[in-house]
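Below, each chain spelled out in residue letters.
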Amino acid sequence: MPYLSGEDTVKELRRALSNPNVQSDPLRYRNTITKVIRAMSQGVDVSALFPEMVKACATVDIVQKKLVYVFLCSYASLNPDLSLLVINTLRKDCQDANPMVRSLALRNMTNLRLPGLVEYVEQPLSSGLRDRAACVRRVAVLGWAKLHNLQPETETDAAVVNELYSLLRDPDPIVMVNCLRALEEVLKEEGGVAINKAIAHHLLNRLKECDVWAQSDILRILERYCPQTEGELFDILSLLDSCLICVAPPVMAATLRLFLCLCSSLPAVCHSALERACGPLLTACGSSSREMRFSALAHIQVLLGAHYKRFFCGYAEPAFIKQRKMQVLVELVNDENVSMLLDELKGYCTDVNPETAQAAISAIGRIARSYSDKCLEILTGLLGLKQEHITSAVVQTLRDLVWACPQCSDIVCTTIEGCEQIIQDAQGRQALLWLLGAHGERVPSAPYALEGFIDGVRFEGSLCVKMELLSAALRLFLCRPAEMQDMLGRLLHYCIEEESDMCVRDHALLYYRLLHCGIEETRRFVQMRRSDPGLGVLIGRPQQSINSWAQSFNTMQPLCGATTTPDTSTRGSPEHTNFYPKTNLSKELRTCQVDSTPTEEDFFCLETLIQCSLIPVDSPYSLQAALQLVNIQTMAFTPTSAIPWKFYMYTHTQPECSTKTAHGTLILAELLYSNEAPDVDEKPRDEPALMGFLSILSTVLNTVALQCENSQQGKTQLS
Amino acid sequence: MICQFFILSSKGDHLIYKDFRGENSSDVVRVFYEKVTALPGDQPPVVMNHKDVYFVHVKQGGLFWVVTTNSASSPFTIIDFINKLCSLVKDYCGTLSERSVQLNFALIYELLDEVVDYGYIQTTSCDVLKNFIQTEAVSSRSFSLFDLSNVALFGAETQQSKVAPSSAATRPIHQREQGKSEIFVDVVERLTVVIGANVISFAFLNCSCECFPFPSEMRIGLNEEFSIGRSQLRGYGAGVRVDECSFHQNVKLDEFESNRILKLCPSQGEQTVMQYQLREELPCAAPFRLFPTVERDASGRLLMYLKLRCDLPPKILFVCLICPSLSQELSSPDQSAELKPQSRVVVWSIPKVNGGTQLSALFKVDVPGLCSSSLLEVAPVGLSFEVPKWTCSGLQVRFLRLSPVYSPAGERWVRYITHSDSYTIRI
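Same order as they appear, the protein sequences are chains A and B. Each residue of the first sequence is one higher than the one before, starting from 1 at the first, in full-length UniProt numbering. Each residue of the second sequence is one higher than the one before, starting from 1 at the first, in full-length UniProt numbering.
Rather than coming from a laboratory, the hints here were simulated on the basis of the structure. Note that the structure is predicted; figures quoted are calculated from it, not measured. One or more hints might be untrue.
In silico DSSO-like cross-links for lysine-lysine, where the CA-CA straight-line distance does not exceed 27 Å [unchecked claim]:
| id | chain 1 | residue 1 | chain 2 | residue 2 |
| --- | --- | --- | --- | --- |
| 1 | A | Lys197 | A | Lys208 |
| 2 | B | Lys51 | A | Lys188 |
| 3 | A | Lys208 | B | Lys18 |
| 4 | A | Lys188 | B | Lys18 |
| 5 | B | Lys84 | B | Lys11 |
| 6 | A | Lys208 | B | Lys263 |
| 7 | A | Lys35 | B | Lys18 |
| 8 | B | Lys35 | B | Lys84 |
| 9 | B | Lys35 | A | Lys92 |
| 10 | B | Lys18 | A | Lys55 |
| 11 | A | Lys55 | A | Lys11 |
| 12 | B | Lys35 | B | Lys18 |
| 13 | B | Lys18 | B | Lys130 |
| 14 | B | Lys90 | B | Lys389 |
| 15 | A | Lys35 | B | Lys90 |
| 16 | B | Lys18 | A | Lys11 |
| 17 | B | Lys130 | B | Lys263 |
| 18 | B | Lys90 | B | Lys18 |
| 19 | A | Lys35 | B | Lys130 |
| 20 | B | Lys84 | B | Lys252 |
| 21 | B | Lys51 | B | Lys35 |
| 22 | B | Lys263 | B | Lys307 |
| 23 | A | Lys55 | A | Lys35 |
| 24 | A | Lys35 | B | Lys51 |
| 25 | B | Lys18 | B | Lys84 |
| 26 | A | Lys208 | B | Lys252 |
| 27 | A | Lys208 | B | Lys130 |
| 28 | B | Lys252 | A | Lys386 |
Model the full assembly from the supplied sequences, consistent with the hints where possible.
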């Protein structure tokens with residue numbers, strides 16, 4: 001009825017429904033009802049037809065019944081009074097000889113979602129639990145869960161709960177699983193269904209009878225069971241082994257999660273489970289469904305393997321898969337495959353989709369920290385394309401690279417000349433300004449590039465670029481005063497006199513006053529570190545402990561994280577926090593290495609002296625391994641010859657329910673091998689956690705040192 | 001757990017909406033569509049969240065199949081369920097399209113009612129569902145003269161009906177049972193290849209062997225030389241080797257070791273009998289090779305000369321897609337190929353190619369501001385093709401036998417298809 005408006009449609013339908021000629025002809029009656037449902041799913045409000053539809057409910061035609069129920073369940077909440085009329089028909093249907101009619105009536109009785117009807121529904125539901133036909137029992141069991149959620153405050157009858165528990169032994173597997181699901185909902189306040197040894201073993205034994213969906217639900221609920229002895233644990237694990245390599249991804253993922261939960265205290269078992277699940281996960285990565293592929297990719301990052309070629313992007317794949325694959329590729333890089341991987345990534349840099357291109361460029365930048373020569377060659381080549389988005393991404397990548405690996409700065413300085421003409425976006429220009437400020441003395445054209453920026457500052461929209469421009473100009477002034485003096489003067493004048501943004505103005509004022517104190521004083525504060533030479537980057541990926549991600553495995557979390565662009569933490573300048581005026585200037589230089597911590601109050605520093613015999617500086621990997629056992633992860637360490645020798649590490653505590661703070665505690669630590677100012681940064685204040693960390697750390701150090709069996713006395717400071 | 005399920009057309013029309021738990025308002029449909037349309041490009045992320053509601057969607061048949069759920073649900077389960085539901089709808093309605101969903105909405109509501117109860121998946125097995133589903137499918141297939149061509153004068157069988165399978169594969173389940181029994185076995189291989197400088201640098205084969213309905217126990221015989229893994233090569237002949245192989249749980253493997261025979265229990269719907277994979281090297285030479293030359297001519301135009309060689313047995317059919325992304329708007333090329341300026345792609349499509357032949361094309365493209373480094377920007381060439389009657393791995397089905405108890409011998413069809421998943425040639 002395309003020419004009729006909503007109201008006319010309803011009128012027309014009502015006339016047809018109440019026409020006795022239509023009612024006497026089953027086929028015509030059914031067709032009219034189909035039209036009503038069609039109008040309903042197209043968004044027409046047909047709730048006015050409720051009385052007519054209630055009448056249509058009393059019929060022997062099952063198809064018509066089903067259609068009417070679709071209608072009634074959608075509109076019952078609008079007509080609670082009239083719905084009472086339906087209950088009679090439904091209750092009569094519950095006595096029908098045909099089990100299909102009985103299950104249909106029972107299901108829709110509970111789907112009406114009317115709290116007022118609960119008293120009429122309880123009796124048929126109870127008898128439904130004891131029905132001969134499995135399909136009726138399936139519906140009845142879930143019906144109790146629906147009923148409970150309709151009136152969450154009333155407690156479900158203990159007799160019903162007991163009956164549900166006993167139905168776990170039902171011969172039909174779906175009834176059994178539905179019982180679990182229903183108990184889970186009914187007993188939500190008590191922490192869900194209680195899994196004792198008998199139930200757990202019963203479920204495990206019947207796992208084979210269930211289909212994929214039931215299996216994954218059972219495996220999820222079994223996570224709550226703690227085996228009493230180690231023998232029992234291994235019996236369970238060997239029973240589940242076949243599920244781990246199951247073809248169906250849901251079962252495989254649920255089993256793996258269960259393995260990780262059960263063996264959280266046995267890392268070796270977890271690792272072998274991961275290795276075993278690697279095959280099926282890789283199969284899922286090559287699945288014909290894009291969505292399944294993406295889901296598997298989001299989970300596979302935790303598993304390293306020699307399968308790097310499987311993560312090369314296909315040309316027709318959507319951007320979200322490509323970016324995920326690149327993240328995986330970066331983590332798989334090693335000496336043998338680096339040239340092949342770089343060739344592949346190079347191909348993606350010119351992708352039509354700018355985001356994919358950007359992700360590829362930043363992936364190359366990450367690899368460049370370990371293999372700088374080849375990567376710099378590629379990045380320089382990309383600058384030659386003079387494409388706006390590519391150049392911007394390359395400059396940002398170079399900025400991050402120079403911060404981590406200062407040895408690259410010579411090459412970078414020669415390549416960035418002329419880029420200021422091409423870059424348009426704020427982030428790219430910010431990165432370029434940082435590079436010009438930090439390494440300006442080696443870029444011959446730096447003052448001219450800055451001049452362009454200073455002339456255009458009036459029309460500059462981005463706050464970050466203005467701030468970056470101020471500090472770049474000041475820094476360049478310190479090393480090339482003759483060329484910069486006039487320009488800096490103009491910039492400071494503009495910022496102090498005309499700029500409307502307080503942040504920029506304050507910043508300019510700070511610099512102005514700083515310059516008043518004399519050039520040496522200024523240099524002391526502004527000429528900060530241009531890189532962090534202490535950071536030698538570990539090749540490959542620091543091993544994360546399994547327990548840290550086991551909780552989020554097989555949930556929505558890994559998939560949602562994928563929508564953000566990779567590496568967001570490095571989008572700002574590496575030590576940008578450094579530039580904001582702070583109360584305690586002398587502290588700034590120290591905090592620059594922890595730029596990710598948001599505010600000053602959130603952290604807490606501590607210096608401790610740990611007295612122990614010589615630690616094996618020559619073998620940092622053994623120390624790394626020892627620390628990993630106690631859940632402390634290594635970020636980086638200096639080459640063995642460097643003095644002072646440094647070792648950076650972190651760990652975090654899980655948020656506890658008992659404390660009021662929702663956040664966990666992150667502890668960053670720097671281990672120094674000489675007499676320098678030390679600090680531990682922690683957020684937020686959490687004294688016991690910090691003390692615990694220190695005692696563990698000193699224990700580890702002493703143990704490692706003992707193993708070293710060297711009598712030489714060494715002093716270690718924890719910072 | 002599934003809170004709501006809905007199907008949206010690509011234009012945002014509500015086709016199906018079902019609320020299983022009544023926890024969220026129906027407003028989420030609008031929220032979802034706004035989220036999808038707000039994103040640039042046509043590839044929205046699979047999972048999106050709005051407050052506590054997580055949307056998981058799969059795009060199939062040009063429609064959005066969306067499930068809303070909570071954060072603790074398993075993404076594998078949800079995505080697998082949507083895929084399974086799509087294939088169920090396809091089994092029941094014949095085809096997956098906006099029109100068939102619109103025509104069969106009553107059937108789909110009925111299916112949803114049986115498949116999911118209160119957000120919990122009950123069953124997706126066709127054998128169980130057939131007892132409950134009562135509505136008959138409305139076929140969207142219009143009357144076509146082509147169907148008549150299979151029937152010659154006075155109903156005698158034409159030559160064509162012996163070769164081409166009839167439209168049974170796209171016929172809804174209920175109608176299939178009434179007609180003569182037909183069984184389809186599809187061997188589909190998907191090829192991922194990267195070719196650089198005429199050397200295959202990477203190849204990967206992902207394949208599946210699928211089966212359409214069969215009423216009784218069936219035996220499928222594979223090549224006798226079929227072997228799994230590197231170690232167990234048999235004999236000296238041209239063996240068929242795969243790296244990994246997995247079977248459906250209904251497959252009985254007692255005769256597999258000795259005779260390479262798979263025994264299948266009866267089933268109604270479509271079923272993936274076996275999945276296998278090949279890594280690193282292909283058992284045969286690359287089916288297509290391309291010899292590209294990209295250079296600049298005197299007048300500043302970009303010249304792309306492409307020579308395509310295919311080494312397959314004759315009578316194949318494929319479409320070739322070439323996508324060098326160029327920096328600017330382009331003028332029209334020489335050949336009967338299409339140029340898409342907004343995605344900077346030249347598409348060269350070839351309806352049919354004979355094996356052992358060679359094709360060539362010359363494209364001249366005007367690129368403003370062309371310089372030598374622009375040549376670097378020409379992206380790799382991608383080929384997409386479909387080769388019927390050929391499998392890359394060499395897998396063959398020796399025989400298909402129904403158990404002798406089931407007397408009426410239906411027609412049995414075995415189809416081999418090789419698709420290109422991603423066939424990339426670097427310039």
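> Within a Cα-Cα threshold of 27 Å, do Lys263/B and Lys307/B meet the stated pairing?
Replying inline: violated (46 Å)
Are Lys90/B and Lys389/B close enough, with their CA atoms no more than 27 Å apart? holds (24 Å)
Would you check the hint for Lys130/B and Lys263/B, treating anything up to 27 Å between C-alpha atoms as holding?
OK: Lys130/B and Lys263/B at ~23 Å, within 27 Å.
Worksheet item: Lys35/B and Lys18/B: Cα distance at most 27 Å?
Response: Since the Cα atoms of Lys35/B and Lys18/B sit roughly 20 Å apart, the hinted pair holds (cutoff 27 Å).
Given the proposed pairing of Lys35/A with Lys51/B, does the C-alpha separation stay at or below 27 Å?
With a Cα-Cα distance of about 36 Å, the restraint between Lys35/A and Lys51/B is violated, given a limit of 27 Å.
Holds or violated: Lys51/B with Lys35/B, Cα cutoff 27 Å? Within the cut-off at roughly 13 Å; holds.
Self-check item: Satisfaction of hint between Lys11/A and Lys18/B, Cα-Cα up to 27 Å
Solution: holds (25 Å)
**Message:** Against the 27 Å threshold, does the CA-CA distance of Lys35/B and Lys92/A hold or violate the hint?
**Reply:** violated (46 Å)
27 Å Cα cutoff - pair Lys84/B, Lys252/B: holds (23 Å)
Practice item. Below or equal to 27 Å on CA atoms is what counts here, so check Lys35/A against Lys18/B. Key: Answer holds: Lys35/A to Lys18/B is near 18 Å, not above 27 Å.
query = Are the Cα atoms of Lys208/A and Lys130/B separated by 27 Å or less?
reply = holds (23 Å)
task = Take a quick look at whether Lys208/A and Lys263/B sit within 27 Å of each other, Cα to Cα.
result = The hint holds at about 19 Å.
When each numbered hint is compared with the structure, violations occur for hints 3, 9, 22, 24 and 28.
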